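> Guided by the hints, dock chain B onto chain A, whose structure is given.
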Amino acid sequence: MEFSRRETLALGAGAAALSMLPLRSFAATADEMIAEFTGGADLAQDGVTLTAPEIAENGNTVPIEVSAPGASEIRVYATGNPTPPVAAFAFGPLAGSRAASTRIRLAETQNVVAVAKLEDGSFAQSTKLIKVTIGGCGG
Amino acid sequence: MASGVKPRVKVPSSVSAGEVIEIKTLISHKMESGQRKDDDGNTIPRSIINRFTCTFNGETVIDVTMEPAISTNPYFQFEAKVPEAGEFVFTWYDDDGSVYEEKKSVTIG
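Protein chains in written order, with my numbering: chain A, 227 to 365; chain B, 63 to 171.
Chain A on its own, in the form it takes in the complex:
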């Protein structure tokens, strides 16, 4: 079986496109998951607060706090992690406030997104860039 120069180039381009597919789907996953959660609804840019350090020296344990008055649920996504979902906080009738703190893992410098589902059915989000010096996914 012989390949002309043109065929070889075409094959190469196809292979390159194929190998980029997984990367693409990773990049889209966080957005897709957020869209799945919100049902494609518009996201207000205020109404949820995401508190986190600007620079996290150790990606293995990054303290974050989410707060959204009137939220029934807050979900956190790490857009640059191998698996973007981080946690989903659902608040019950005895929640003293619609806020929670925890510690998360970040693989690399990336945007962390908090999406809140408010009790009136609308959604709000907050994005914060966190710089990570040492990644938290092990090698």
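These aren't lab readings, by the way, just hints derived from the structure by calculation. Please read these numbers as outputs of a predicted model, since none were measured by experiment. C-beta atoms are modelled at their ideal positions from N, C-alpha and C, and glycine is treated no differently. One or more of the hints may lead you astray.
Claimed, not checked - Label-pair distances were calculated between CB atoms; the ranges are:
id, chain 1, residue 1, chain 2, residue 2, range
1, A, Thr335, B, Asn135, 21 to 31 Å
2, B, Pro107, A, Pro295, 33 to 43 Å
3, B, Glu81, A, Gln271, 43 to 53 Å
4, B, Asp101, A, Asp268, 45 to 55 Å
5, A, Ile360, B, Ala79, 43 to 53 Å
6, B, Thr169, A, Gly265, 42 to 52 Å
7, B, Pro145, A, Gly296, 16 to 26 Å
8, A, Glu280, B, Val82, 27 to 37 Å
9, B, Ser90, A, Glu334, 38 to 48 Å
What the hints assert, rightly or not - Stretch-level coverage of chain A by chain B, calculated; a stretch enters the list once three of its residues show a Cβ under 8 Å from a Cβ in chain B:
id, region
10, 271 to 285
11, 338 to 349
Structure of chain B alone, referenced to chain A:
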């Protein structure tokens, strides 16, 4: 991994009715993410706590779905309203089916 798992919870023992209190919880667990590899290059299987709930007298305070991105020894801090005397129940659900439970009684005073 169900060995060496120890839940720790900090709750005030006495509060006034209707007060909002702060609760801190920590459970020792390695939270193996399923992303790491051992020395031979084999992926270490995921083993995490995937859910944490807190209830007071049967009513939900918070219900957290946890993913591998939660750090080792999962820590949570949140607030709860205490309408009457009763008992907080904290429950952690492990991937391997284990359930870890911790209870704290609260009196009004």
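> Does each hint fit the structure? Answer for all of them.
Do the hints match the structure? See the list:
1. Between Thr335(A) and Asn135(B), the C-beta spacing of about 24 Å keeps the proposed range 21 to 31 Å intact.
2. The hint said 33 to 43 Å for the Cβ distance between Pro107(B) and Pro295(A), and at roughly 40 Å that hint holds.
3. Taken as a hint, the range 43 to 53 Å is violated for the pair Glu81(B) and Gln271(A), whose Cβ atoms sit roughly 34 Å apart.
4. For the hinted restraint 45 to 55 Å between Asp101(B) and Asp268(A), the CB-CB distance of approximately 49 Å keeps it satisfied.
5. The beta-carbon spacing between Ile360(A) and Ala79(B), approximately 47 Å, falls within the hinted interval of 43 to 53 Å.
6. A beta carbon spacing of about 44 Å between Thr169(B) and Gly265(A) agrees with the range 42 to 52 Å that was offered as a hint.
7. At roughly 20 Å, the beta-carbon separation of Pro145(B) and Gly296(A) lies within the given 16 to 26 Å, and the hint holds.
8. Remark: the range hint 27 to 37 Å for Glu280(A) to Val82(B) is upheld by a beta-carbon distance near 30 Å.
9. Checked against the hint of 38 to 48 Å, the pair Ser90(B) and Glu334(A) fails, with Cβ atoms roughly 27 Å apart.
10. Counting residues of the region 271 to 285 of chain A whose beta carbon lies closer than 8 Å to any beta carbon of chain B gives 0, which falls below the threshold of three, so the coverage claim is violated.
11. Using a Cβ-Cβ cut-off of 8 Å, 0 residues of the region 338 to 349 of chain A lie near chain B, which falls short of the minimum of three, so the contact claim is violated.
Of the numbered hints stated above, those contradicted by the structure are hints 3, 9, 10 and 11, listed in ascending order.
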